[in-house]
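Quick note, the sequences are listed as chains F and R, same order.
In terms of the numbering used here, the first sequence opens at residue 1 and continues consecutively.
In terms of the numbering used here, the second sequence opens at residue 1 and continues consecutively.
Hints are computed from structural coordinates only; laboratory data are not their basis.
One or more hints might be untrue.
If you anchor each label on the Cβ, the simulated ranges turn out as follows [what the hints assert, rightly or not]:
#, chain 1, residue 1, chain 2, residue 2, range
1, F, Glu425, R, Met400, 56 to 64 Å
2, R, Gly292, F, Leu27, 35 to 43 Å
3, R, Gly196, F, Glu35, 29 to 37 Å
4, F, Asp412, R, Asp345, 49 to 57 Å
5, F, Glu29, R, Trp66, 37 to 45 Å
Sample of chain F residues lacking proximity to chain R, with all beta carbon distances greater than 10 Å (derived) [stated by the list, open to error]:
#, residue
6, Ser141
7, Leu238
8, Ile329
9, His331
10, Val393
Note that the Cβ used here is the ideal one computed from N, Cα and C, for glycine as well.
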Amino acid sequence: MAIGQFAKGVAAGRLDPEQYAENFSDLHEPFTEHEARVEADRCYFCYDAPCMNACPTQIDIPMFIRQIATENPLGSAKTIFDQNILGGMCARVCPTETLCEEACVREAAEGKPVQIGRLQRYATDVAISQDVQFYERAPRSGKRVAVVGAGPAGLACAHRLAMHGHDVTVFDAREKPGGLNEYGIAAYKSVDGFAQAEVDYLVEIGGIAIENGKALGREIALSGLVADYDAVFLGMGLGGVNDLHAEGEDAAVNAVDFIAELRQASDLSALPVGRRVVVIGGGMTAIDAAVQSKLLGAEDVTICYRRGKENMNASVFEQDLAAANGVTIRHWLAPKRVLTEDGKVTGIELEYTMLDNARLTGTGEVLILPADQVFKAIGQTFASSALNGSGPVIALENGRIKVDAEGRTSLDRVWAGGDCVAGGEDLTVSAVAMGRDAADSINRALGA
Amino acid sequence: MADLTTTFAGIKSPNPFWLASAPPTDKAYNVVRAFEAGWGGVVWKTLGEEGPPVVNVNGPRYGAIWGADRRLLGLNNIELITDRDLQTNLREIKQVKRDWPDRALVVSIMVPCEEESWKAILPLVEETGADGIELNFGCPHGMSERGMGSAVGQVPEYVEMVARWCKQYTRMPVITKLTPNITDIRKPARAAFSGGSDAVSLINTINSITAVDLDSFSPEPSIDGKGTHGGYCGPAVKPIALSMVSEIARDPEMRGKLISGIGGITTWRDAAEFMALGAGTVQVCTAAMTYGFKIVQEMITGLSNYMDEKGFTSVDDLVGRAVPNVTDWQYLNLNYVTKARINQDLCISCGRCHIACEDTSHQAIFNEVDGKRMFVVNDEECVGCNLCVNVCPVEDCITMEQLAPGQLDERTGKRVAEDYANWTTHPNNPMAKVREPAE
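Using the sequences and the hints, build the whole thing.
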């Protein structure tokens, strides 16, 4: 029996079972064949298409859409996978509104871009659901490559290495492969175990062994990998979470942990959520945590961001999604203190902020928001200790691994990509591009 | 509001929009609905001679091709003339004409190419009070195998002969419907008028196979794994029809003769174009079969507003207005020089103009300016061909601008001459003669 959104404190089972199922169903229903054909017809097949250039993996979007329009979804899927073997997940999680769809000329023409993401999902779903494999491994090279992290970067790298005929071992600290695809995405963006299905599809090429529960600095060491393998790719993502630098913040929950727990939960009604929730942050993680809190039955969810709307990392689409789900987004508020009583969160004290000569400062005015649960989502950090504690020192830049254009680190035979490297965009699709390109670089190096 | 009433070969109708002889005009039910919707007239679906009714296939009769968003662009059919009893049709025609006296009701007829057959049916039709008859010499499938339809229309002598019989045995106006499945449309048209036809109507449908099923390898429409050519119509045939209408309209032997234009007319604009090329009325089928009879309201209001805008008070002001401007290639002004101009405010940067020009034409559109994506015409290469205009998805984004006399054409390095000059006087023409004015 649902206890409802008004039940006090942090509680599980706020909703009826059907309500959970409805709330966490597919955010965008997959296209039917008819819908896909109608939408595909809208593509102008642009020359040197802006959408394609806006895609970090440079998928030939006009071509894959034309292939959908001509009833060739498998050809379409291959066009996508040629550039992005995780095209299925990217179709679901890419902020297309700031990438391909923002660049679409129909956005310029009429404010309604071709729905590229949903078309990409349509084509890749056809191939994956029919388990059609497009790639064969090159003859075995006899070379062995270690990949650290089975997230988007590591998987893309592993697949491309396997194509080149190398034997790949992928190590991942978690119980399941997939990285953020498996643990870090709002549940309604990847339903029905798609992350796992995609990994299964991808490793079918052969030559890829995934070893879960093996973390760098714990079960494995970089020095050991460099000694045992011909090359190493590091794609372990970001292991740390930024601090709020607010009093009592131990009582706050890491939004990424909440999101991961939610994704892995077999019974959402067992997952507790506060009646009143405050999320600190302004990025996708903040939105995901806030929206999902609301969908779990929280009465009141507020995102507090210390700068203005225009500074938020979350896309406008994501902000609108939050608003549509009843989340309040407040700006120019910085956390000062998480308030607790008997070890339980009762609220959060925030200070209004302003820009003073482009510097963010507090105004001195304070606001207290009552809350049963506070999530912190102000960014993640690269945990370099595991890396450098387990082997020779690798050069960092702005706290993340420094790489060149091909993904080479400062260490010989060690490449890196994804969120753990400096200068990236912290996007799934960028991680895929880096993993793929590093694999080609590794292949060239191994062949030399 | 402009006066849309039309008198065509003595047949009056409140507007020039008629439904062509086809499935929409096969029985009273449909025709009454059409009149209720506002159609000015109909040509009743072709009647055959008395006897056992015609038999149609019992599977698909239509095939089609589509544009984006599955817009129907072309339709073909393998349906025959009416498969209803002659007397039933005649009875209904009589009743409908009585109930709708202000509308044009023309009856299409196709009987064997024998004088007795025509002599027999004409009084029966005349008795209904119908306004006129249309001779179906166009149908390209089925009936043509039996020596009727386009089998007659392809032989000018037969056309003339049958038209003459009709004029002899009925007082009704005779419209001869022409098949486009012929090399020179003027030949049967002249024959029709020689035989006394009051008007011609064209085009009937074009021999066609719309598609091949790539699983069964049967042509479409498929009847038990086999297909046959059908008659093609719809928006896709409009350019062919316009050309054929214009050929008749500008033929010196047929100057001023009456034409009812048919072929892919879908909007008031299409209709107005046919009329400008000499059609006194227009006949519509595919558009109605695609969207229903209501479209005629768009046609009526569209044509009326256009005529008001132009100051045309009657359809006669429009009919034939473009005919003097149809000429032969050799008379086109070679001193008319145009260059493409791309309106950067309207450009959505799809790049199709560039790639069309770059890959398939004259390499006259740059795709980059100062390192930025931008599409600009290179006048040094632009021949003014209009391909970029045609492939651009945004209307009026690319236009062809005429270089004024005296302006430098950067492609040729010459200044644009002021006078008109055509191929007949061009120095490269071995047959060149002294200048003569356009026809």
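Hint-by-hint comparison with the structure:
| no. | hint | in the structure |
| --- | --- | --- |
| 1 | F:Glu425 <-> R:Met400: 56 to 64 Å | 44 Å, violated |
| 2 | R:Gly292 <-> F:Leu27: 35 to 43 Å | 38 Å, holds |
| 3 | R:Gly196 <-> F:Glu35: 29 to 37 Å | 58 Å, violated |
| 4 | F:Asp412 <-> R:Asp345: 49 to 57 Å | 54 Å, holds |
| 5 | F:Glu29 <-> R:Trp66: 37 to 45 Å | 26 Å, violated |
| 6 | Ser141 | 39 Å, holds |
| 7 | Leu238 | 34 Å, holds |
| 8 | Ile329 | 32 Å, holds |
| 9 | His331 | 34 Å, holds |
| 10 | Val393 | 40 Å, holds |
The structure shown violates the earlier hints numbered 1, 3 and 5.
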